[in-house]
Amino acid sequence: EAQVTQNPRYLITVTGKKLTVTCSQNMNHEYMSWYRQDPGLGLRQIYYSMNVEVTDKGDVPEGYKVSRKEKRNFPLILESPSPNQTSLYFCASSFRRTLGVQETQYFGPGTRLLVL
Amino acid sequence: SQQGEEDPQALSIQEGENATMNCSYKTSINNLQWYRQNSGRGLVHLILIRSNEREKHSGRLRVTLDTSKKSSSLLITASRAADTASYFCATASASGGSYIPTFGRGTSLIVHP
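For the protein sequence lines, the chains are A and B, in the order given.
Every letter in the first sequence is one number past the one before it in my numbering, and letter 92, counting from 1, is 92.
Every letter in the second sequence is one number past the one before it in my numbering, and letter 77, counting from 1, is 193.
These aren't lab readings, by the way, just hints derived from the structure by calculation.
Backbone N, C-alpha and C define an ideal beta-carbon position, used for all residues, glycine too.
Mixed in with the good hints there might be a few duds.
What the hints assert, rightly or not - If we take Cβ atoms under 10 Å as the criterion, some of the chain A residues that face chain B in the derived model are:
1) Q45
2) N73
3) E79
4) Q102
What the hints assert, rightly or not - One-sided excerpt, in silico: chain B residues whose CB lies under 10 Å from chain A:
5) Y151
6) D182
7) A197
8) T200
9) F204
10) F219
11) G220
12) G222
Please put together the full structure from these sequences, using the hints given.
Here it is as structure tokens:
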């Protein structure tokens, strides 16, 4: 089944304790991205990756890191989480066929993070 | 920066009525997409309309696009309680050789049985 998976689905942690949220897709998509969703703010893009070893900042990259060592995986790293990173996080992927053209994105189920 | 903005923010209707949501955007686009999100879940793609199309249908969904006004509308006909969800439009503008799709804040639709 074609899908985007994220782990963990729920996470409670404390300020400053490094954490990683994994994202994996089995559709051979080139493009992957991370979003956070907060009430009243909609979805905001954190980082995206056009292909392996190619990553770039989205609208709200501060406090986050990503890596793209393999095509299927795109982990989100919070080196020193803070309470303002409490949010609902989504990973998404799509094909990247044509420059400047948005393809349909497939979203993971979400990771709900609480930083105390 | 938010490229697409949905209107209204919230919509409450009775089952069987039609629901119309609007999306406005700022820059030129290649296509515009509508997504649906059930509470706390990932977004699911509904329909894509290209910049050279004016109207598109998919089941009970009808999407229009007016590039001169930089706006789109999503119409759900004969709504059902199961249509209760948030609806987002997504657009992308080419920037520096790449593209960043952006989503609006969404329209929250409640359909009462």
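I'd like to know which numbered hints this structure contradicts. Please list them from smallest to largest. Violated hints: 2, 3, 6, 7 and 8; rest satisfied.
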